[in-house]
Every structure is written in structure tokens, then in C-alpha cells.
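Engineer: Starting from the known structure of chain E, fit chain H onto it as the hints suggest.
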Amino acid sequence: MKKFDWKKTRLYKLKEWIDTQRRERYISLFTKSVAAMIVIGVLSLMLMGMAIYNAYQGSLQTLMLSNMYRTTLTIGRNIHSLLDEMEENTTYLYSAQSEDYGYIYELLADSSVGSDKKTAEINDMLRNILYRNQYIDHVFLIFPDGEICSAMRSPERMVNTYVIGQWYEETYTEHSRKMQLLPVHQADYYMGTRERDFTISRNIMNTSTIESASGEILGTLYIDISQDFLDNIIHETRLEDGSQIYIVDQKRREFAYNPYEGQEEDDLLSFLEHMDGRYQYIKAEGDYYIYSEVPGTDWLVIEKISSHHLEDSYQAIRNMTLLIILGSAVVLIVVYYFYSKRSSQPIRNLAGAMESIEQGNLDTRVAVRSNDEISYLARGLNQMTENLQAHIKRVYIAEIRQREAEIEALKTQIQPHYLYNTLDVIRMMAVTHDDGETAEMIDGLSGQLKYLMGRAKDMVSLRDEIENVRNYFKIIRIRYENRFSLEVNVGDDIMDLQVPQLILQPVVENAVKHGLKGKKGEGVVAIQASVEQDALEITVMDNGTGMTPERLEYVQQVLESHETETHVKSRRASIGIKNVYDRIRMIFGDQYHIQISSFEGIGTIVKYRLPVIRPEEETEQEDGHV
Amino acid sequence: MRKARILLPAVVCLLCMTACSGEKIETGELAEGDTQESQAPDLTLFFSGENTVWISAIEDLCSAFSKEYPQYTLEVEYSSGDDYTEELKAKEALDEFPDIFEIEDPYMFEEADMLGAVDGEIGELVEQPIMDDGKICALPFYGTSYGIIYNQVIFKEYGLSVPNTYGEFLELCGQLKNLGITPLAVGGSESSADQGWINYFFLKDVETGRSTWIQDRISGKVSFQDPEVTEALTEFRDLMTGEYVLEDSINMGDTQIISYMIDQKVAMYYGTPAMLAKIWEAYPRAMDSDKTPLGEELENDTVQIRPGWFYMPDDSGTRIVMEQTGSIWAASKACMGIPTKKKAADTFLKFCYRTENYRKVLQAMNGMPVTNDGVLYAAPAVQQNVIIDYRYADRISRYLGNMETPASFRGDMQETVHSLASNTIEVGTAARQLDEKWNEAEKEQAE
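Just so you know, the protein sequences line up as chains E and H, in that order. Heads up: the first sequence is residues 1 to 626, going by our numbering. Heads up: the second sequence is residues 1001 to 1447, going by our numbering.
To be clear, the hints were calculated from the coordinates, so they are not data collected in a lab. Hints may contain errors.
[Unchecked claim] What the simulated footprint calls covered on chain H by chain E, stretch by stretch (three residues with Cβ under 8 angstroms from a Cβ of chain E suffice, anywhere in the stretch; the number is not a length):
hint, region
1, 1087-1095
2, 1102-1116
[Said to hold, decoys possible] If you anchor each label on the Cβ, the simulated ranges turn out as follows:
hint, chain 1, residue 1, chain 2, residue 2, range
3, H, V1053, E, Q166, 20 to 30 angstroms
4, E, R77, H, V1053, 29 to 39 angstroms
5, H, A1378, E, R70, 46 to 56 angstroms
6, H, S1080, E, Q166, 44 to 54 angstroms
7, E, T173, H, Y1069, 29 to 39 angstroms
Don't be surprised by glycine CBs; every beta carbon is placed ideally from N, CA and C.
Just chain E, with the same shape it has in the complex (with noise of 0.2 angstroms):
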């Protein structure tokens, strides 16, 4: 069975690569904030603005289908009026009086009058049933006989005894007394008509007596209204696009108005048991069925309309409203744009900056305009600049005077072992002719050397420091014929201790080319070492001629400067004091130092304060210093 290996599918692959890419795509904060903003802003919009839509979508459907109901039920309201006067039209005939003969029962019940009579008296009142409403297309009374009065507008046309024969006994109800309401047919029972009426029948009572008149019918009266009524209340409300008006009776379960003809309803006529009273509409197969009963009747108006019909009156308002919604992200998307690009242009900058400043370009600078965190950032990006650049050329400096010095005494180390062979035959020359001064001063001269070039370290002990002034000073006593010495005056549990090298001979150089050479006389240059608070005290003293003031500011100025001396005159004395006073500093720190003092006539005093690096230390001090 082979083993599956989950690092191995190119699923994880994918993965892989997807990680990385996402690793090493570099996203600008610019880039993330105006996408936060879209995301939040544009995305709040859109929620927001459905939400909006979808509560408004859901008031003006609920607005619409209530215009519609009430399109319902003023329709309805129409027909019960049309209904309460048709009441009152039935009831006539109990009220109505033959000027001769009284009221109907007691007209019919007259054996004296001829069935003409009768008929005439009865079509009489018949036609003032007529004439009280103009949709009223025909009244007739059947009585249980068959006999049959009518009367019509005209033209008039002929009974079909037949077929009212018929029609009375489909519609015939035996027992009631009430008003029966009868759905839009053809009238077809008045010969050669076409019109379309929905009828209003009611059992006539006999009202002889109260006993018949509840149990006895003299006959049914029917009154055949225009299906016009209902076509003109309806066109006279308004319906909605698209809207259908339909009339049912419920109790038959047929339409008893569908001015619709040829189209198929039986839909409705099926979903008719959903349309209870508690409700004002049903949603059934993406139609909407808004009803209403008319009052006292089985009749329902119903108004149907298609669900794309209904949402096609306010699709111009969601049109609009999505149209806002687009256009205010593109707004906010814009405005975004510009805010961050503006917001993010000093951390643009910054990061310039520092990409400048990496590359080694310490002069750039960022330019502080506000007064917010950012600008807070670039303050400390131009402070840390500039202390890296000062510091940078602090130690830069540093370096140079070191290698001044070395090479100060490395040019005087040319052929090194050419000069120690050639120094020491010419020794052993003076030896040969009993020179001893001139041997001298090339041993002088040769331990000088050695300790040039021999010792090529920072760090040397005070002993040896000491005992290079003293070959220097071999050489100096010899050639200005004793009338110098050297004084020193340390203590030998200090001579051990280090110090940078060559830090004494050049002042002591200077003690002797300054100060001794232009006096008279015999000069001493002193050289004394205590360990004084932790530091160790050097003093280099000579009895020369001192410095005036000005001269002991200026020499004090130049070392307390960061350039270099350049004057030409002083230039090698002055490299070599400032030399030894630049070098003290940089590996020291600003509290290591030398000190001149001098007073005209009487000499200077060149005081360093070192620190004090026992041998065993040393290692860790250069390390620490240097």
C-alpha cells in the first residue's frame, strides 16, 4: 500500500506557494488602508442600503397589496350599496298598492279581476321596480304556476317561457325569504338579447296574514341588473398594471363576474378554501390574490396580480436606490483613495528616508510639516541621523589620529634593520675611536627605534613609555651638551601600568624644542606619576620658557577643536600634542584628558589624567576602547 503523503500532493504545494507568495508580497500600508476603508465603508454601505431597500421593498409591497385591498373593498362597498337599494327594490312589491285592488296579495287574491288585469296591475308595479335603477335590465315575477309577469326597458323583446322556465327552476330556492344573489350569465331567456346580467331574486311572500307570510310564496321576483354596473365601478377604481378583477361566489365555487373571457381561472376557483376571512390576500404560483368579501353576501372580489407585475412598481425605486448605493462607493472608494494617499505620504517619506540613510546617505533629512506621531518619528529619524553622523565622525577621526601617529613614527622607521645594523656599526665605529658620546646617542637613537617599530601596539607600560623619553633624551642631553636633564619621579608599582604609546614623547619634545631651547642656562623636564581617585596622573614639567596667554588660548583652543591644525609653522608640534590629546579622548572618553598649564618665564606643566589599566586588564580594555 502505497503511503500517503500530505507534503507530497500539489495541494500542499499550492499551499506552499501561496504561502510564500503571501510572504514575500509586499503589501504598502497605503494599499491596506484604503482596502480596510472599502471594505469597511463600501461594504457597511452595501449591508446598510439593502437593509434599506429590503424594509422599504417590504412596506411598499405591503403599501401596494393594502391599495389593492382597498380597491377590493371599495368595489364591494359599491356593490352592497347596489345590494341594500336592490333590498329595498324587492321589498317594494309588500308595500306596493293597487289604486284599485290594494296590495298584491289582496290584488291576486281578488276572484273579480281578470288574469289580464292582474298581470297589467303586477307589470306595473314590475316597471316602477324598473325605473328606480338605471342598470336594471328586466324585472320579473314567476309565480309557482309558471305564469309569468316582466317588465323591461325597450326595446322590449319575448319571453322564452322555456328557458325561464328553467332558469327559474335552477335558481328556485324553496324555503327562503331572503335576497339570493345570482352570478353574471347571459340573459338568454328574453329571446334574440345579448346581455350579460347578474340577478337579484327573492321569494315573494304571501302577506294576508302573518301565517303566509312566512310560509306561503305568491312567487319569485327577479331583478336582472347590467353586468355594465360592474364593469364601470370597476374601471372607475383604479388598478394596478397588470391587475385583474375578478368576482366569486364562494358558496357555488363559480365566478359570478369574470369579464376575463376565454381565460382558463379554474386556478383560482381551487385555491378559493386558502381565502378565509382573516387574511386580505394569498401568494399562490407567483400570483398574488388580494380579497375581499362584499358584506352580507357569498361574493368575494378578488384582485389578482402577477408577482413580476407587483415587483415591477418598485423595481424603478430599487434601480435607484442600488444606482445611490453604487455611487456613493464610488464616492467613498475615490475620496478614499486621495485621504490615504494623503495620510500615508509622510510615512512615505519617512520610509524613503531611511532607505536613503541605509544607503549611506547620512545628509538626508526628513522634512517635519506636522505635529502627530508621524512627525514624532521623523524628529527621532533626523536626531538619530544626525548622532549617528556625529558619532560616525567622532570615531572616524579617531582612527586618523591613530594612524597620523603611527605613521608619524613609521616614517622614521624606513629600513628598519638597514638602520639598526648600519646605527650599530657606526656605534662600534664611535666604540673603535672611544667615542662614547656619539655611541651613545646612536643607542639612543636605536632604542627609539626599536620601540617604534618593534612594539607595533596601542597599549605599552608606563615603564616603557618612560624609557623611550629617556633614549629620546639620551640624544638631547648629548647635543645640547648637558644642559638638559631628565627628571623621573614614579614610583615602580605604577611603572607597570598601561597607557597608550607614544603619548610622552611628543610633549616631552615639545617641553625641549619650545620650552628648554630658548632658555638659558640648564633645563630640567620632570616627569612624575601618581595614581590619584582611580586615575592615573601624569605630569610632564619643564623649566623653559613658559607660554605667553594668548599662546597657552590658542594651544588650548586647537586642542578643543575637532579640525586639525593646520597652521604651517607650528604644524608638527602641534600635530603631535594634539595628536596625543585627540588619541587620550577618543579611547578614553571625555573625562581622560591632558591639561597645559604654563606661565611665561617659568615654565609649563602638562598634566594627563588616564585611567589606571593594570597589565591583566589590558586585554579586556582594548577590547572594551578600542
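Structural biologist: The following block gives chain H in isolation, referenced to the frame of chain E:
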């Protein structure tokens, strides 16, 4: 990957939506559904709309009832034509027979088994509930009676006094005639002649001699052509067509008669107390006293008429006080058969007879109380006297056209009496017609 993340919820949503819009039929409710479905009223009330005062009295009564018993809805309707009973029958023919209704002919409806039994407790409220075989089938609402309304101003001016016998009455008429004042007007909506005078003579000449006359007529023992009846008819005809009656007043309306009386052209009218109210309404000064507040006679009394009232005396001086019911309430059998409706109907009837409500109706109709608890109401002195006299008089309810007489005879009788009073037929003819009509009405009722 990312696309899939968006696609999945979308697909789920779509599935949900399609699942929701399945085949099922949704029903919906619209908030402002016009749900004020017209509930069937607890009680339907139907009453005669012949008299506007009566209509407003009953409407006031009903609205007071609805206010006090908001739990019962009352549908009130009154007749529009002039034949109330015919309309009541038509109501039945329309299958809209009312629950509580005014009734003119309780026995006819009782025979047709249309009336519900009224509880004894309610029946006790009135002096004489209408009974049939021990069942209280209807309740009289207020009583009325015929009497002479006369102008006291004329009587005072000429020193005339109220007659104590029929002979004195005729003398009084002669005196007035001599003074140039027509003594009597008939007609008006009170049916002064057709119901008032005819019965006065019937009671005076026939009933006093034979108190069972109407029953006897039903059993066929007597006839309108008997001598005592023809005498009564003759006396009636003589008075109506004689010189004491304002010419053609039988065809006049109330207002015309009242204006004659106010103008002091006519001194007397035989009518019901309702006429008093009509006079007061037409001539409010009629209620002004003829005395100053100190009891002295007014010097310049310009009031034209102050109505007075007396019941007509018979030949021997006995006052003849007809006891007529102004209105009768009944409840349908259907109504009394349904406990909830019966409760509402009982409540309504009790409410009607409760003194404070009853008083208002009486006051409006100037009716005589028919309750066991005598009810007095604020009315001018004359009216108070009418009520008191009525209460303590020997009232006779055995007049022609009362509940015992066959139903349709009442209307038919008026026709003949009217003709007689207009002198268009002879007494003999009238008597014969009345007999025929009685027989016919009996036959009709038997059917």
C-alpha cells in the same frame, strides 16, 4: 480557494430561497384590514313611525339603553308607511321579523304563534299585561283616552262651566254657538270622530246597557242593526253633521284645528292628551297662568287659549273614560327562544318601564302611565289632572276597535264611520256595512 469561500454561502442562500418559494400557498395579512365586520345585532327593534314625537321618544329611549348597556347592540327601525301591521307582516315575509316590536294586534300574532312569552316578573310591572291562555304575550306601554280639550279663556270670559251631563254639553254648545264661537272641531290625527265620538256614543248608549256587547257580537247574539246601536249611530251622525261642529273639520289636520282653537274660533275638541301637547307646542303662552304671582287676576290678559280637559259625561252624569293603549310592546317567539336574546330583551323591557325612562316617554307622548307604580311627570296642571282623573276613573276598555274586535274591522270600521260623519251614507246603511265588515273580518281572522 478564495472564490470558493464566496461561492459557497451564495449557493446555500440560493438553495434556501428556492426552497422557500415552493408550491405552497402563502396567506397574508394587511395591517389596516377593514375588520369592522357588521355583527348581527343582539336585538332588533321595530316600531311604528306614524308620529314623529313617538319616533324621537323611542330613539331617545334606545340610545339611553345602549349607553347603559353597551354590551347589547340594538338595531332600531321604524315603519315608513301608514299601515304598521302590514309592514310588520312584510318583515316576516322578508325573514327579518324583529325581536322586540310595537304591536297593534297582539292576538292576531299570538294566534300565528309569533309572540314569545314575557316573564311574569316583567308582566307585573304593568297594570294589565295582555294575556292569552295565561301567557303574557304583550305589554301595554302607555295609555291614552279621549276627552274634551276646551279653551278655558273662552269659558272664563263668558262664564261657562264644564258640563256634567250630555244634555248640559249640548246646552253649552248652544251657548257657544250663540256667542258666535263654533263649539266643536273633529278630525285631525287623533281620529276624533272615527274613534273618539263613535265610541263615546257606543259606550254611552250601548255598552252601559250591555257590557258584554262585543263578546255577544262575536258570538252573533247582537248586531249593529239593533235599536240601541242605531240610536248611538244616529246621535253620532246628528252631532257630527249638526251645527255645533266646524264645517269640514273632519278632513282637517292637527295644525289647522289648533289654529282655529288658538284664534278662539273653536272652543272644544274631543281628543287625546297628545293634542294638549300639540297646542302647547304651537302656542307656548298657553301655559301661562291667568293669575299674577300673588294670586290676583291678570288685568290685561292677552293669552288666547289655555287648554282645559274634561271627560265627557253620559246622560246621567257619569264620566266616560275610555282606556286605550297608546302602544304595546311584544317580543318575538324566536327571540324569546334564544337565551342570550331573551336576556337582552328582558333587560330592554325592564329598562323601558324603569320609572326614570318611562317618565320621559310618557312626558313626550303625554301618555297615561300603565305601570303598577304610578308615574307622575312634570307637565302643566291640566295634564296632571288628566292623569290623576284617569287613574281614579272607572275606565272602560270595551270599546269598538279594541283588542277583542276582529283585526281588520278596526280599519274598515273607520271608513264607514267616516262616511257617516260626512253624511254620505244613512244610519241604516252604516249599520249594515258595519255588520258586514265585522263578519268579513271575523272570517278573515278565522282563515
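Engineer: Which of the stated hints cannot be reconciled with the structure, identified by number in ascending sequence?
Structural biologist: Of the numbered hints, 3, 6 do not hold.
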